[in-house]
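These are the residues of each chain, in order.
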Amino acid sequence: MTQGIYKILYNFALTDTVYSMVLEGNTSALIAPGQFVNIKLEGKFLRRPISVCDFNDKTITIIYKVVGEGTAQMSKMKAGETLDVLVGLGNGFNPEKAGEKPLLIGGGVGIPPLYNLCKELLKMGKKPTVILGFNTKSEIFYDKAFKELGVDVIVTTVDGSQGVKGFVTDAFPEDYDYFFTCGPMPMFKAIEKVAKTSGQYSFEERMGCGFGACMGCSCKTKYGNKRICKDGPVLYREEIIW
Amino acid sequence: MVSTKVNLCGIELDNPIIPASGTFGFGYEFADLYDINRLGTFSFKGTTRDERFGNPTPRIAECESGMLNSVGLQNPGVEKVISHELPKLRECFNKKVMANVSGFSIEDYAYTCEKLNDQDQIGWFEVNISCPNVHGGGLAFGTNAKNAAEVTKAVKKVTTKPVFIKLSPNVTDITEIAKACEAEGADGVSLINTLLGMRIDLKTKKPILANKMGGFSGPAIKPVALRMVYQVYDAVKIPIIGMGGVETAEDVIEMMLAGATAVQVGAANLVNPYACRDIINMLPKTMEKYKINDLKDIIGGAHNG
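Chains A and V are the protein sequences, given in the same order.
Each residue of the first sequence is one higher than the one before, starting from 0 at the first, in numbering that gives the first Met the number 0.
Each residue of the second sequence is one higher than the one before, starting from 0 at the first, in numbering that gives the first Met the number 0.
Isolated chain A, as found in the complex:
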């Protein structure tokens, strides 16, 4: 984990409520896809944990949904402004565990951390398939970004306004040998019912510190108590108690 002041290079809307922000600064603490950053905002006491969508040696891309005052405040920030950010939090996904045909399943604002993971899997010579689940057409984002990586992308919408009508589980392919997922709890529970292989789930929880000090986000697993922020946010299917 590092703490630093990061400069906003871009901050723009992808949909009515989902924004993409590119931050410039030290990225040395990011060591795996699916880690997160924790952002201090003017006038807010606790930091805002946001998953990392993509990063390189100079920049970090985060995608966030406006859900409250803090994220609304973030959405109004301009290029050139700076943010105090803790970087390199959480364990992230372990792509080494995947087979040749991993399935990536993202629901809504759970999609972003799968993007860097997808790039890593491709680098390793694997052939990922991506399922992106939304409620409706106007909420869709990043389907093109994934397609540009050269992977098969299946979009689902609950109302059928684009792609497959229904939930992500209605679009599961026959042929996959591992899965990675991030999204809302009802989606996780649906995946847990139909998934045929091992996999990794990235969880969300209200956090105090984000770096393992306060025990605010603890959960029970088959291998003992874990902190979502430090021992997670990614847990293996085998260890999760539903």
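Hint data in this document are derived by calculation from the structure and do not stem from the laboratory.
Since this is a predicted model, take the numbers as computed values, not measurements.
Quick reminder that beta carbons are idealized off the backbone N, C-alpha and C, glycines included.
Hints may be right or wrong, so weigh each one.
What the hints assert, rightly or not - Once the Cα atoms are required to be at most 25 angstroms apart in a straight line, the calculated BS3-like pairs of lysine-lysine come out as: (1) Lys221/A x Lys79/V; (2) Lys202/V x Lys75/A; (3) Lys75/A x Lys100/A; (4) Lys79/V x Lys219/A; (5) Lys219/A x Lys211/V; (6) Lys219/A x Lys205/V; (7) Lys126/A x Lys79/V; (8) Lys225/A x Lys202/V; (9) Lys43/A x Lys79/V; (10) Lys221/V x Lys43/A; (11) Lys64/A x Lys205/V; (12) Lys221/V x Lys39/A; (13) Lys205/V x Lys43/A; (14) Lys202/V x Lys188/A; (15) Lys221/V x Lys225/A.
What the hints assert, rightly or not - Examples of chain A residues toward chain V, derived with CB under 10 angstroms: (16) Gln2; (17) Lys6; (18) Lys39; (19) Thr58; (20) Asp83; (21) Leu85; (22) Gly209; (23) Gly215; (24) Cys218; (25) Tyr222; (26) Ile227.
Starting from the known structure of chain A, arrange chain V on it as the hints suggest.
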């Protein structure tokens, strides 16, 4: 050259800065970030007789200038603290640590303190009789002078190290509790623990915390903490560890002027993991600014005249 040293019941601290229990784990998480030997000491995660998972999540809710927590004393239990946590701490911390202990009965407190008393790494006990997040214990001892006195008596009987009793602000008169602890031989008191609070989510129309209520901490509670430290300083002769909303070197000085011999930093560690290091760095300059040569001289200074 200013002096930041203070003496806490016979043990000299390089400075009065002590990360508060529950915000600093067993120290080693923070040792990856900076040399924690720079701290006066720290108060380790509240330890109970048996392992505890704590309360269901969500356990955290943000507030204006602060936060609520309802962690509920998650800890590995005293046996594992001795066998796993303290050896890990020894690798990164060569000072005496403050052992924060909680319980659900008088016997619990005595049992856990007695187990820990032999550990040479421990310099002081901080007996938490004020956790607002557990039922059937904790706070029940801290809101009643008779119970507070009984816990103090039981712990003093089985320990040889200085015992601080950590007091609750959720009482009508905190000086009554402090005096009761002093009368049974407490070597000091620490205050304040969190204030019982609540937040409600307008979307779900339900409390945010799964436990409904939780402990309020952060800069918003500083005036309450200062007032109580000031009152207790007048009521007892034993030293006070002051805490509540401390974030800066100025806050440390203010708490000491109210009557604190040492000062704990809690919620600030969760927002800025370097908070205590930063305060320690700023302390000498801040002392010079306010013409303070020796920090010991200002303890209770606001009471003079």
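For the pair we were handed, Lys79/V and Lys219/A, check the Cα-Cα distance against 25 angstroms. Answer holds: Lys79/V to Lys219/A is near 18 angstroms, not above 25 angstroms.
Answer holds if the nearest beta-carbon of chain V is closer than 10 angstroms to that of Gly215/A; otherwise answer violated. holds (4 angstroms)
Sort out whether Lys202/V lies within 25 angstroms of Lys225/A, counting only the CA atoms. It is violated: about 29 angstroms lies between the C-alpha atoms, which goes past 25 angstroms.
Does the structure keep Lys219/A and Lys205/V at a Cα separation of 25 angstroms or less? Holds, at roughly 24 angstroms.
The hint names Ile227/A as touching chain V; please verify it with the least Cβ-Cβ distance against 10 angstroms. holds (8 angstroms)
What's the verdict on Lys64/A and Lys205/V, does the C-alpha distance respect the 25 angstroms limit or exceed it? This hinted pair holds, its Cα atoms lying about 22 angstroms apart.
When you check the alpha-carbon spacing of Lys221/V and Lys43/A, does it fall within 25 angstroms? holds (17 angstroms)
Using Cβ atoms only, decide whether Asp83/A comes closer than 10 angstroms to chain V, and label the hint accordingly. holds (8 angstroms)
Does Thr58/A pass the interface check with chain V, least Cβ-Cβ distance below 10 angstroms? Nearest chain V Cβ about 23 angstroms off; hint violated.
If you draw a straight line from the CA of Lys75/A to the CA of Lys100/A, is it 25 angstroms or shorter? violated (40 angstroms)
Interface hint compliance - Tyr222/A to chain V, C-beta minimum distance less than 10 angstroms: Violated - the Cβ of Tyr222/A stays beyond 10 angstroms from chain V, reaching only about 14 angstroms at its closest.
Does the closest beta carbon of chain V sit nearer than 10 angstroms to the beta carbon of Lys6/A? Given a least distance of 20 angstroms, the restraint on Lys6/A is violated.
Going down the numbered hints, you'll see the structure goes against 3, 7, 8, 9, 15, 17, 19 and 25, while the others check out.
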